[in-house]
Amino acid sequence: MLRFFDILFSLTGLIIGFPVLLAITIIGYFDTGSPIFRQERVGRGKKPFTLVKFRTMKLDTASVASHLASTSSITKVGRFLRKTKLDELPQLWNVLKGEMSLVGPRPNLFNQEELIAERDALGVYAVRPGITGLAQVNEIDMSTPKKLAETDAKMIASLNITDYFRYIIMTVTGKGSGDRVKQAGENADKRR
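Residue numbers (the working numbering): 873 to 1064.
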């Protein structure tokens, strides 16, 4: 049943949102010259898939988890896209293709070994990754792998249609912070 809603909402969102997607793409060309960001992520069954988003960081930004990136990498347009969560809109294509769900654990990178081990132990990779979920609306990000994996597993075990809609509504109305990017000084301190 949830897959039916994924297809319905992602297709509707892509059709109705086309003018917005087009406008952001055009603005993105002026911002970075490359408005679409593609990155290989860990999908269902730990299979790789290419996640698509609007680019919010400079082209030379290292391919790391958001919590390891610096705020100085975010462009002016990118700051707005992240704040409004519009950078996530292209992921509706991933949802339509069946690589993602609207609700599920946020897909991580293959180099996030600690998170992969924690999620693997709890069976998190048995489901499609999602755009939002319990962790995101509670501001739990990938900087705390064990807590994130436990929260993901809790969501998976109890996910129903009510929760599915609740997490989507909470995300659309601004609850949670998604994948946080640390202040420039925080990353330097963390690497020491």
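In case anyone wonders, no lab produced these hints; they're calculated from the structure.
Among the hints, a few may not be true.
To be verified - Label-pair restraints from in silico Cβ distances:
id: 1; residue 1: G905; residue 2: W965; range: 18 to 26 Å
id: 2; residue 1: K948; residue 2: A993; range: 15 to 23 Å
id: 3; residue 1: G905; residue 2: T1034; range: 41 to 49 Å
All C-beta atoms, glycine included, are put in the ideal place defined by N, C-alpha and C.
If you test the structure against every hint from before, which numbers come out violated? When the structure is compared with the hints, only number 2 turns out to be violated.
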